[in-house]
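Q: Each chain is listed here by its residues.
4 protein chains.
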Amino acid sequence: MSGNTFGKLFAVTNFGESHGPAIGCVIDGCPPGMTLSVTDIQPDLDRRRPGTSKFVTQRNEPDAVEILSGVYEGKTTGTPICLLIKNTDQRSKDYGNIVQTFRPGHADYTYYQKYGIRDPRGGGRSSARLTAPMVAAGAVAKKWLFEHYGTVFRGCMTQIGELPITFESWDFVPDNPFFAPIADVSALASYMEVLRKAGDSCGARIRVSASNVPVGLGEPLFDKLDADIAYAMMGINAVKGVEIGAGFASVAQHGSSHGDSLSPKGFKSNNAGGVLGGISSGQDLELSIAIKPTSSILTPRESIDMAGQSTEVITKGRHDPCVGIRATPIAEAMLALVVMDHALRQRAQCGDVTVNLKPIKASI
Amino acid sequence: MSGNTFGKLFAVTNFGESHGPAIGCVIDGCPPGMTLSVTDIQPDLDRRRPGTSKFVTQRNEPDAVEILSGVYEGKTTGTPICLLIKNTDQRSKDYGNIVQTFRPGHADYTYYQKYGIRDPRGGGRSSARLTAPMVAAGAVAKKWLFEHYGTVFRGCMTQIGELPITFESWDFVPDNPFFAPIADVSALASYMEVLRKAGDSCGARIRVSASNVPVGLGEPLFDKLDADIAYAMMGINAVKGVEIGAGFASVAQHGSSHGDSLSPKGFKSNNAGGVLGGISSGQDLELSIAIKPTSSILTPRESIDMAGQSTEVITKGRHDPCVGIRATPIAEAMLALVVMDHALRQRAQCGDVTVNLKPIKASI
Amino acid sequence: MSGNTFGKLFAVTNFGESHGPAIGCVIDGCPPGMTLSVTDIQPDLDRRRPGTSKFVTQRNEPDAVEILSGVYEGKTTGTPICLLIKNTDQRSKDYGNIVQTFRPGHADYTYYQKYGIRDPRGGGRSSARLTAPMVAAGAVAKKWLFEHYGTVFRGCMTQIGELPITFESWDFVPDNPFFAPIADVSALASYMEVLRKAGDSCGARIRVSASNVPVGLGEPLFDKLDADIAYAMMGINAVKGVEIGAGFASVAQHGSSHGDSLSPKGFKSNNAGGVLGGISSGQDLELSIAIKPTSSILTPRESIDMAGQSTEVITKGRHDPCVGIRATPIAEAMLALVVMDHALRQRAQCGDVTVNLKPIKASI
Amino acid sequence: MSGNTFGKLFAVTNFGESHGPAIGCVIDGCPPGMTLSVTDIQPDLDRRRPGTSKFVTQRNEPDAVEILSGVYEGKTTGTPICLLIKNTDQRSKDYGNIVQTFRPGHADYTYYQKYGIRDPRGGGRSSARLTAPMVAAGAVAKKWLFEHYGTVFRGCMTQIGELPITFESWDFVPDNPFFAPIADVSALASYMEVLRKAGDSCGARIRVSASNVPVGLGEPLFDKLDADIAYAMMGINAVKGVEIGAGFASVAQHGSSHGDSLSPKGFKSNNAGGVLGGISSGQDLELSIAIKPTSSILTPRESIDMAGQSTEVITKGRHDPCVGIRATPIAEAMLALVVMDHALRQRAQCGDVTVNLKPIKASI
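Chains as they are written, first to last, in our numbering: chain A, 542 to 905; chain B, 542 to 905; chain C, 542 to 905; chain D, 542 to 905.
Certain hints may be false.
Since the list gives no way to pick out one identical chain from another, each pair is judged satisfied if it fits inside one copy or across any two copies.
[What the hints assert, rightly or not] Derived DSS-like pairs: lysine-lysine, alpha-carbon spacing no greater than 25 Å straight-line:
| # | residue 1 | residue 2 |
| --- | --- | --- |
| 1 | Lys627 | Lys684 |
| 2 | Lys627 | Lys616 |
| 3 | Lys809 | Lys857 |
It should be emphasised that the hints constitute simulated quantities derived from the structure, not laboratory data.
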């Protein structure tokens with residue numbers, strides 16, 4: 542109820558602070574009998590890891606995951622899986638100068654108002670570092686979904702600051718530090734370099750996609766698949782907008798073109814983004830998120846201190862000049878967690894249903 | 542778990558189908574001692590009601606609400622409040638011709654795949670008619686929040702199809718059938734008239750706002766206030782996108798301008814939309830949603846039938862040419878339900894917290 | 542969260558007060574495709590109904606159930622099933638004289654302290670009348686479980702006041718107003734007659750049983766099948782104790798005799814009551830509950846009034862001299878709801894598990 | 542949903558297996574601002590710890606607790622508190638001979654049927670060792686409740702095997718290894734010595750009590766305080782029965798004596814056990830639980846093996862001859878967790894209620 546558990550049947554409880562001894566999560570509801578080891582989880586953590594390029598925070602953490610429970614002789618047992626990631630590079634002194642002030646656009650103001658406590662250690666609980674356990678849990682969900690349905694999750698950056706990025710191919714994504722689906726990222730690198738030197742930050746737009754999603758996932762009236770996706774995405778640090786399928790572009794569309802035509806071979810377009818009436822249609826899930834610029838920047842900003850008096854804030858320490866860069870594996874993981882949860886829910890409620898209509902899984 | 546309950550501490554369980562005997566909801570968790578009668582609820586239902594102009598469905602329902610439980614001698618008792626709305630104008634025969642086909646962009650395809658059942662009566666459970674009980678429940682939440690914090694919820698249309706609507710004043714909203722914040726809606730009426738005669742439909746963009754929201758609402762890491770808002774909004778029929786504050790525009794912003802400066806008198810802008818780190822800041826909540834065009838249209842569309850064969854679909858019957866028109870009171874109600882739930886959650890967890898810093902409630 | 546929903550995957554939300562316009566429930570999570578009509582539900586309601594003998598309250602209610610949603614063309618649709626029972630015999634004036642006092646052993650004292658409100662109409666929400674919707678929901682669960690697993694639920698009275706009742710046969714239960722498993726109930730009738738004339742009341746002990754329960758139901762560590770059964774039973778009005786299997790007798794047993802031996806043909810005893818480690822073993826579920834004497838009696842009792850001053854209370858009106866008599870169908874229904882919920886949960890989490898060991902379903 | 546989280550507003554998620562690397566829990570919902578350190582928690586863990594007398598298992602574990610998150614500068618932050626207990630004495634080979642058989646009365650049969658997996662390491666997840674994290678979480682709840690309401694939790698043994706133990710004083714409880722409220726435990730020691738040498742085990746009856754419980758805790762219709770207590774108690778390993786107040790004795794009572802009289806000075810008896818209509822009355826909470834004999838014993842028992850064939854089972858290894866002995870601190874902790882959860886729930890829903898009637902907190 543205090544908002545640290547994600548999901549209902551595949552429930553992930555997250556704990557830890559940015560600069561405490563450890564962060565981690567407990568996955569409750571993973572079906573028994575799936576082979577699982579750290580090698581299934583570590584690669585996704587490595588994709589999210591800080592310190593891998595000059596465009597992300599220089600905090601250097603191995604983010605090595607340990608499995609404390611729920612796996613016996615290499616297989617899940619159906620009991621809770623505790624995943625632990627020790628914090629190893631906490632330079633708390635870096636944050637010393639911001640304890641008495643509030644950073645514009647940062648959670649320190651609202652956390653203090655809510656809890657009456659100020660934890661300056663890297664943002665404490667509000668740090669994006671807490672997405673690491675979700676990436677780990679997402680890797681478990683991805684594995685189960687791939688084994689059962691062949692579901693594949695992918696994400697890429699489609700805009701950074703003012704620069705739109707025109708999709709070329711998924712193949713390019715792993716080859717550059719921006720998760721950009723393009724061959725040549727030199728323009729992105731130059732843009733970021735200027736920004737970084739100016740002590741400023743920028744936003745990003747991320748696309749996330751899932752293929753081979755079973756038809757029938759999602760609960761009306763609430764817990765619609767797209768509603769749960771919106772919840773998951775908006776819950777990622779710094780996200781300010783979520784679109785499914787045609788998204789905001791659908792405002793200017795007409796019904797005669799928006800609704801995706803069906804033929805015996807499949808849907809002929811995907812304005813729906815894979816969801817109709819809150820339930821997956823078997824088409825690819827397609828969504829986009831907007832990520833705001835990092836609020837912790839070197840540029841001086843007008844603010845107030847703990848006494849409510851005017852002051853100026855400069856945030857030193859190690860920060861991502863564009864938090865959106867590392868958001869791609871996070872958004873993929875969150876999408877996988879939503880789909881996993883609904884796959885189990887569907888099994889519970891409609892395990893009996895046999896529909897003779899062949900699901901139309903792919904766009905033509 | 543099957544997705545028919547909204548909220549955790551102020552939990553609204555929704556039931557009914559578009560053309561069954563009745564629709565309604567049970568509100569569990571309303572605090573005791575608040576005066577409540579149907580006159581507190583009916584006005585919001587009337588704002589959402591069909592048949593009030595030629596721009597919405599001609600289905601004519603009084604949508605008269607009855608309170609079956611939870612109120613004694615005019616006051617809430619703390620026990621469940623059951624609100625019932627009888628269906629009185631169900632012309633099921635209008636839908637007879639679409640039983641054997643799937644409408645592009647409509648939930649009938651996915652409902653059939655999920656449940657193995659086809660309920661053609663006005664969309665059955667997938668009908669937007671099921672938002673009526675939520676509007677009723679939202680009216681209860683609005684009353685409690687206004688009495689405790691002075692919170693006020695407002696919504697308006699900011700775009701219809703290709704036509705952007707420039708905000709003039711909240712005062713104009715009740716005076717036109719579009720919930721448009723402008724004095725002269727003749728251009729909107731002409732646009733809709735052309736569309737309606739062409740048997741087509743269009744999308745809309747709705748802005749929703751809340752003032753006098755207490756600071757400190759929202760739970761990290763999940764159940765962030767904005768995450769729950771996104772969940773609530775994306776769960777409204779036909780919504781394809783949600784933005785908080787600057788939303789997708791924040792992608793192209795820089796940190797040096799996006800983060801809202803603080804001064805002793807208040808925040809100097811509201812790019813955050815009233816939420817920092819998932820917790821309300823005391824500023825106005827500001828959000829926008831994208832609503833897709835109605836999928837039930839007279840224009841013929843390519844589709845398949847229950848046997849998976851090619852066919853053409855024309856949807857007769859009574860439908861809104863722009864479902865977005867009636868979405869404004871719905872979106873207000875859903876926002877009120879989210880804020881109400883978090884107000885009770887905050888009381889549970891942080892009832893003790895006394896922060897000496899004066900909350901900054903308003904923008905300058 | 543306010544405690545009016547029972548179950549997680551087969552979730553029943555209860556509403557209403559004893560003397561309001563109606564009581565009822567919403568069942569969320571019933572799988573689609575099951576045939577269902579009021580004739581499946583009414584018989585169990587009739588077994589619980591008041592006014593059927595001189596040993597129960599003379600309040601005369603038909604308790605006729607209506608299905609408002611969730612069923613289309615005679616089959617469940619997978620959407621919420623709202624069941625409504627109108628109140629027809631509310632003689633509120635009977636209770637007029639107790640509004641200003643607190644009955645010893647009654648909930649009126651604690652309800653007033655908790656909610657700050659006094660609803661004297663037949664106990665308002667605390668009335669045992671609110672078990673009627675649960676009996677209705679239980680009938681739906683029983684039907685599904687019987688169709689899927691052949692599960693059968695039975696209950697009987699095994700003690701009334703000081704009189705133990707030695708089990709003879711389930712066959713006798715429907716033939717007497719006590720739900721007693723004996724041929725001759727004249728002793729019970731005489732006992733009750735004396736008590737009733739004296740304006741007093743007594744307790745009862747009820748046994749409940751379920752056969753053909755699937756093996757594997759129940760979740761460790763919490764939500765154990767027996768823990769959820771205890772929760773369900775202790776939640777029935779006036780219940781003060783719950784035993785599973787050997788229950789309190791197991792305190793004086795030794796390990797060498799308590800643990801039920803297994804042979805290739807089956808378990809050789811059932812001290813466990815059908816549950817091992819919180820998970821059903823396939824043996825019959827066996828449990829007993831203790832029901833306290835009715836607190837609303839004609840015998841004068843020492844108490845206090847709303848001002849906290851000494852007073853004497855006599856409860857007129859229509860009350861059951863032994864609330865335990867009508868508890869049998871209620872306890873069966875609650876057990877069915879628990880088993881149903883766990884059957885769906887098991888399907889979600891362990892739908893894949895195939896164990897080659899043949900389940901041992903019955904005792905030898 | 543898979544049953545590893547206890548509580549709703551003060552939610553404790555438990556993880557680990559008896560012989561894995563570690564066990565622990567995550568507490569979500571602890572209010573911020575309470576001082577907390579391991580010294581608040583360790584004493585209760587030490588009371589539950591194995592290896593402290595010859596009457597309990599000789600497994601020797603320090604059960605040292607670590608706080609991994611949720612506490613900053615000695616105070617709770619309102620974020621999840623992860624408590625970790627490393628396993629240090631796992632002699633798995635002790636269990637080698639029972640892997641292929643099922644122990645009568647043990648969970649190994651049902652776990653295998655449910656999950657398709659056999660974890661022989663000390664019972665894996667079904668081990669009573671998993672109560673240690675609950676004792677730790679209970680210590681946190683106890684501290685908060687004591688600081689806010691002066692609530693005190695106590696437990697003692699009232700019967701061991703065939704020997705009833707007549708209550709003398711709470712003062713004696715800490716002075717003997719049985720948690721017995723009597724000065725001279727030599728008879729108990731002799732009884733256990735005989736049993737232990739015979740390779741057998743016995744049951745126990747435990748009383749648990751809470752004083753200074755706020756009035757008004759508990760939710761009707763479900764989540765009644767006593768229903769949640771029953772759920773918590775029946776969920777403890779080996780518990781087969783739960784009684785509140787007069788419990789099963791109330792069956793033979795009459796209404797004229799069972800209902801606790803009220804006077805201006807207080808209640809005159811406590812048959813209710815501190816709960817009326819599911820809501821705390823302010824009287825002491827009083828309950829009893831029945832614990833079955835340990836199923837892992839040296840006495841040979843008839844059983845079957847994994848192939849379903851007849852066999853004989855002898856359980857070597859280290860086991861408690863009476864698991865009830867160490868149950869006292871566990872039952873106290875579980876009761877504290879229930880009361881804590883309801884204290885927060887009450888604050889959420891009825892934080893406004895002001896009743897002028899002075900609560901009657903104690904029996905006369």
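Q: Each hint: holds or not?
A: Results for each hint:
1. Lys627 with Lys684: Classified as within: same-chain Cα gap 24 Å, cross-chain 28 Å, threshold 25 Å.
2. Lys627 with Lys616: Both: 23 Å inside a copy, 21 Å across copies.
3. Lys809 with Lys857: between (51 Å within a copy, 23 Å between copies)
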